[in-house]
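Peer 1: Sequence:
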Amino acid sequence: MEINNLNKRVSFILYSFLFFSLILIGRIIFLSTQRIDDFTILQENQKIVKRGEIVDRNNRILAINDEFFSIYANPKEITDFKVTAKQLSEITGENYNDLYTKLSSKKKFIWIKRFVSPNETVLISKAGINGINYVKEYKRIYPNKSLASHILGFCNIDNQGVEGIEKSFNSLLLKNTNEDNETSITEKTNVNIQLTIDSTIQAIAQKSLTRVAELEGAEIGSLILIDGYTGDILALANYPDYDPNLFSNFSQKDFRNNSIFYQFEPGSIFKIFSLAAVLDKGEIDENSHFFCDRVYEKGPYKVKCTGTHNDITLEGIFKYSCNDGTLQASEHIKDFELFSYLKAFGFGELTGIELPGEQTGILRKPSNWSQRSMLSIPIGQEVSVNALQIAQACTTFINDGVMLQTNIIKKIYDTNGTIILENNKKPIRRVLKSGISEKIITAMRSATDTGGTVSRLKIDNLRFAAKSGTAQIYDSKAGSYSNVEVSSSLITLFPLEYPRYIALAAFHKPTAQVRWGGVICANLFNEFIGGITGYLNIYPAEYVLPEDVINTIPVYEKIENLPAAMPDLTGLTAGDALDIFSQTAIKLTVKGSGRITKQSITPGISIDNNSLITLILE
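Just so we're aligned, residue 14 is where the sequence shown starts under this note's numbering, counting upward by one.
Derived from the structure by calculation, the hints contain no laboratory data. Note that the coordinates shown come from a computational prediction; the quantities given were computed from them, not determined experimentally. One thing to keep in mind: the hints can contain errors.
Claimed, not checked - Ranges of calculated distance between the beta carbons of each label pair, as one might list FRET restraints:
no.	residue 1	residue 2	range
1	K356	P313	28 to 34 Å
2	E107	L575	26 to 32 Å
3	S613	K139	22 to 28 Å
4	I375	K446	40 to 46 Å
5	N71	H302	46 to 52 Å
6	E296	S489	34 to 40 Å
7	Q372	S118	40 to 46 Å
Cβ atoms here follow ideal geometry from the backbone N, Cα and C, with glycine treated the same way.
All chains should be built: construct the whole structure from the sequences, respecting the hints.
Peer 2: Rendered as structure tokens:
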């Protein structure tokens, strides 16, 4: 009997132990599941991804990442929403009512505050509030503020590209080349992008464009510089621009890359392509004569010229931008032939630039042309273009009749140096016979002679081939061209002796008293091209760069051997600092944007690979 009672007691104890063990295990599993669920929710709401860097052609940093912490909550773990909201409000400065509303929701995951200060992170950690935690995030930083803003674009608060290169290559910049391996975030190999632009030239372009656009009262301005040998875009500037670090302060209109988005009737600048087509056809040559009596007449239609130019050749047509001479020359080409040439130059289609938002312009088929079209299209009316289309078409003249693809991407590579994509010189098609381009360039030179439409373009020791355009803007409401509003433009190829560079400027609705493209755009080129010719080594060796240009070019030496003395980084960009320490294992932390104003280690102090350096940019 005693044995049976003993067995019963032992069995009871064992079953009780088993029962409570099962409860305990169940609770552990439940809590673990909840934690896993929290982490899953976090992953679904925000992937902690470090975007690849964007650099210029000289590896100067244009877009980088900075580490921040963000506070989030799981309301299901919070027992008292009022108390928690009050605590969070005191720490973060966020509105109490807003926090209470968020916490009272039935969601399993909500953001409390993104990209908080280090002090807020410490306070949250010390407070130990149930259901409240923080996570590391990466925020996109543009150290040079508005520099190349319309090229780079920007990322939203969730690290997704919204405009520019950030948008076009969003998935690629978020990609890492070993993401299938079980490695930590810091070990993953990011994909980086090198642009064709030169940040020094880009800075000078934006500065010059802004000054002239504001002086001339223009609504929109564009300035493009292309290396005609390779198709590389060295600068692509727009007015107005914006700071991608502060994108929420600007409107959607500010984000438009008007070098490819804005379409305008080109006016007389288009004569380059019309006359090149006529010359290539072979029925006239550069020595053919035309007589300008100030008015071209055909049937019931009349087209006025800017003056009475009398007997002129191709050079005279370009020098005076003669409508009469252009239309007389265009009598030697049929409408469908002219259309074919203009299509070959790339008008009416996308350039292929690796940027979002490009507009094709308008080039209607000859079947949709009117009787007046052959009096309008050769002089740049009844067609619309974007600025880059004109610049890309002019690569044809640099390359003896072969048009090149223009590029904004130089290469795409990972942090191991493996090249994923590389853009080299890429011919699109032959547009003109060999030898025609040289004749066009020679004729374009005459526009810069005394009395020419671009005679104001004057830089010592440098000669140009140029063509300007001033086109009246069509008023759709009035059904006619405006007598006040114009688009002004200028294209130039230089240096004349061995043309390599293509510069294009365009202004929309300038309000200055003199609005001719050959005047306001020439003033811009005198400043811009005058500021970069020494930098591009076009001038003789004794040429001295202007002081404001020198200030845009960083002067520093890379540190290769450690230990070494800490250099003075004041005034440099984050990209310059990264370049200086690129051969070392030193860790840099960058705070802010702009240029370096403070550094955590005093210049002259010894540093080694274990040094941690914080840089403050303003």
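Peer 1: Each of the hints needs a verdict: does it hold here or not?
Peer 2: Hint check results:
The given range of 28 to 34 Å is respected by K356 and P313, whose C-beta atoms sit roughly 29 Å from each other. For the hinted restraint 26 to 32 Å between E107 and L575, the CB-CB distance of approximately 44 Å leaves it violated. Distance hint for S613 and K139: a CB-CB separation of about 24 Å, consistent with the stated range 22 to 28 Å. Between I375 and K446, the C-beta spacing of about 28 Å breaks the proposed range 40 to 46 Å.
Checked against the hint of 46 to 52 Å, the C-beta distance between N71 and H302 comes to roughly 50 Å, which is consistent with it. For the hinted restraint 34 to 40 Å between E296 and S489, the CB-CB distance of approximately 37 Å keeps it satisfied. As the Cβ distance of Q372 to S118 is approximately 43 Å, the hint placing it in 40 to 46 Å holds.
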